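Chains as they are written, first to last, in the working numbering: chain Z, 1 to 269; chain A, 270 to 532.
Just so you know, these hints were derived from the structure itself, not from any lab.
These figures come from a predicted structure and were not determined experimentally.
Just so it is clear, CB atoms sit at the ideal spot from N, CA and C, and this is done for glycine as well.
Hints are supplied without guarantee of correctness; some may be wrong.
[To be verified] Just so you have them, the derived chain Z footprint on chain A, three or more residues with Cβ under 8 Å:
no., region
1, 423-433
2, 438-449
[What the hints assert, rightly or not] Short derived list, chain Z residues pointing at chain A, Cβ under 8 Å:
no., residue
3, R94
4, G98
5, F107
6, Y117
[What the hints assert, rightly or not] Calculated cross-link-like contacts (lysine-lysine; reagent style BS3-like; alpha-carbon spacing at most 30 Å):
no., chain 1, residue 1, chain 2, residue 2
7, A, K395, Z, K87
8, Z, K87, A, K445
9, A, K354, A, K445
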Amino acid sequence: MSRETLRPDDSRWGPTDRISLESITHGFDGTTVFEDVSLAVEPGETVAIIGPSGVGKTTLLRMLALFLRPDDGIVRVDGDDVWALSKRDRLEVRRRVGMVFQEANLFDASVRRNVAYGMQVRRRWADRLRRHVERLLGEENRRVIEALELVGLADAVDRNVGSLSGGEAQRVAFARAIAYDPDYLLLDEPTSDLDPRNTAVIEDAVTAARNDGIGVALATHDMNQARRIADRVAVLLDDSIIEVGPTERVFTDPGDPRARKFIDGELVY
Amino acid sequence: MCDGVAFSEVAMIGPALSSQPFVELLSLLSGIVSEPLLVEFPFERNYVTSIIRVSLYVSLAAVAASTLFSLPVAMLVGFTDFPGKRVVVAVINTGMGFPSVVVGLVVLFAVSNQGPLGSLELVFTKEAMIMSQFVLATPVITGVSLAAVTSVEEGVQDAAYAMGGTRLDVALVTIKEARYGIVTAVLAGLGRAISEIGSVLIVGGNIVRADGTSITRTLTTAIRVEARQGRYETAFVLGAILVALVLLINGIVLHLGGTGRGR
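In isolation and in its complexed conformation, chain Z is listed as follows (with noise of 0.2 Å):
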């Protein structure tokens, strides 16, 4: 189902419903990463940030992930700009977006723990009243499994993560920031050390997200996935974005020519 085809009929999201980077500029050390940079992700739809290693993807998703607060610009999300936003609305913010890393950094603790962490965070005393009511009622198990159904391993949730091959882990981390229902999944390379049969698995996994009305960010250099499963395409080179659009038009009939170039494999940098 394409994202066109899914919003218009969906009137569950409102109209500035959407994480977004308004004019970011940012620099470390002196050095820009960002130059005016601008991307919204809206729900249930698969953005996808392509460029060259080094170029400042995984410093885009740590921003809208909120770990990094830009020199000048605005986050939003959901029409909230968040670093203007108290501790605590930012706090609640954070926990509706979700992330997974290249790296699968799972706690050393059960896949079960591992995946129920997002649930257990919550602090306010209704949240916790209603996790332990949940628990109770066998609510958060069932979104364990549900969450691990979704990259295949029902099977392995009372296995320790030690255990797990490097593929599983990611996949089991895929679950992790998905089981809490966020609404919104910023992926960072999620695939880049993985097999074709688990990258598989997690491209379907994404998909499924994307079709339940999750807005995701994926960060990949790997353009045969970006266009596989994304609705659209960012291109991000020399500290911006230079190119973004739907996915089989930025491929096939990029407006930049530097788009073009880097598409083709022939920019060197």
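Based on the hints, put chain A in the right spot on chain Z.
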């Protein structure tokens, strides 16, 4: 009592072996034999058990207090950047090698009549010994815990943060990830405390009651006294008990560690 029977069997064949330290060690460690012993030992059992009790009390209390102090410090230093952080880390690392007699001297001065804690009248008490062992164990527990905490992969902390964790959540995840290192730190601190002699001798005074039971005499200070008085058998048995205690603690931690990994 199964253990008692087992001991008695050993004790029955004991006369020929009574000079062997391991028989004496068994009798001491059993501690539950109600029958009169058939082996004549070169010391009073009460004397040895009181020494063990004092050693454990002082060392465990010092290590417990030190752990409560050291862990938050390690977390604070590990998690935050502040001016002078490198100096603090250098001081912690230097503290691991503090000469114990100097620590004893400083603590003795602090609790003496001329010192700031003189009014508490702690000279030659177990509390003063706890203080000196606290000072000795704290840099060890802090330093090793700090190393354990800072060795936790940043990605794991990022994952906790990305799932909506607060700074406290991230800290708790870090402690869980570093738990084996932290246990090692506590053990290292306990090892330093229980095997230490210089400072406890200075601040504790190595005192026994008229009936021979210990007031501030520990295993290490007792070994020194027994060796100086030529009672090498007793000194060796006390030494064996000291080693056995350390082995026992290590064994428990290894067991717990093995169980933990299986979760």
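Hints, one by one, checked against the model:
Only residues whose C-beta sits within less than 8 Å of a C-beta in chain Z count toward coverage, and the region 423-433 of chain A has 9 of them, enough to reach three; the restraint holds. Counting residues of the region 438-449 of chain A whose CB lies closer than 8 Å to any CB of chain Z gives 4, which reaches the minimum of 3, so the coverage claim holds. With a cut of 8 Å, the hint placing Z/R94 at the interface with chain A holds, because the nearest CB-to-CB distance is about 5 Å. Satisfaction of the interface hint for Z/G98 is found here, the shortest Cβ-Cβ separation to chain A being roughly 7 Å, below the 8 Å cut-off.
Of the supplied interface hints, the one on Z/F107 holds, with its beta-carbon coming within about 6 Å of a beta-carbon of chain A, less than 8 Å. About 6 Å separates the beta-carbon of Z/Y117 from the nearest beta-carbon of chain A, less than 8 Å, and the hint is met. Restraint check for A/K395 and Z/K87: the C-alpha separation of about 48 Å exceeds 30 Å, so the hint is violated. For the hint pairing Z/K87 with A/K445, the CA-to-CA distance comes to about 25 Å; that is within 30 Å, so the pair holds.
This hinted pair checks out: A/K354 and A/K445 have alpha carbons roughly 24 Å apart, not beyond 30 Å.
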